Amino acid sequence: MKGKINWIDPWWHLKQCAIKDAIQRELACEVGPEHPLWQCELSVIAKSEANDDVIVQLGDGRFACIHLTWSGKIDSQPDQFPSSMIFDNIESLQIYMNEVAAQYA
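Mapped onto our numbering, the consecutive letters of the sequence shown carry residue numbers -3 to 101.
Simulated from the structure, these hints should not be mistaken for lab results. None of the values given here were measured: they were computed from a predicted structure. C-beta atoms are modelled at their ideal positions from N, C-alpha and C, and glycine is treated no differently. Check each hint, because a few of them may be wrong.
What the hints assert, rightly or not - In silico lysine-lysine, DSS-like type, Cα no more than 30 Å apart, as pairs: (1) Lys69 to Lys11; (2) Lys0 to Lys43; (3) Lys0 to Lys11; (4) Lys16 to Lys69; (5) Lys43 to Lys69; (6) Lys43 to Lys11.
Said to hold, decoys possible - What follows is a set of in silico ranges between Cβ atoms, one per label pair, in the way DEER data are often shown: (7) Ile15 to Glu37: 27 to 33 Å; (8) Asp56 to Asp5: 25 to 31 Å; (9) Ser79 to Asp5: 31 to 37 Å.
Model the full structure from these sequences, guided by the hints.
Spelled out as structure tokens, the structure:
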């Protein structure tokens, strides 16, 4: 696989829509100066129907899965929440998404 993500349930690819915009705003509220993704360019590209996980593409080409808290603010443990996993490439992201999908099925 090179350059294309296979979107499978429970993942929804989000193009320009109100849901994507709302998630992007929440992400901006939750990621603060102590978070590992602080000052990274984060672009929401997908969400999970199974939970509050979202997939973002980082400005440097990597990807991350972030579990939003939906608190609308920086967490009391800002270096840990929202929890996140970073993937160096699209292949490792796809493997993770497939594993989640297998559990969801």
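Verification of the hints:
1. Lys69 to Lys11: Roughly 25 Å between the alpha carbons, so the hint for Lys69 and Lys11 holds.
2. Lys0 to Lys43: Holds - the C-alpha atoms of Lys43 and Lys0 are around 16 Å apart, at most 30 Å.
3. Lys0 to Lys11: Judged against 30 Å, a Cα distance of about 15 Å means the pair holds.
4. Lys16 to Lys69: 18 Å, holds
5. Lys43 to Lys69: Holds, because 20 Å separates the two Cα atoms, which is no more than 30 Å.
6. Lys43 to Lys11: Distance of about 11 Å is within 30 Å: holds.
7. Ile15 to Glu37: 27 to 33 Å: Violated, at about 20 Å.
8. Asp56 to Asp5: 25 to 31 Å: At 29 Å between Cβs, range holds.
9. Ser79 to Asp5: 31 to 37 Å: Because 22 Å falls outside the window, the suggested range is violated.
Of the numbered hints given earlier, the model fails hints 7 and 9; all others are met.
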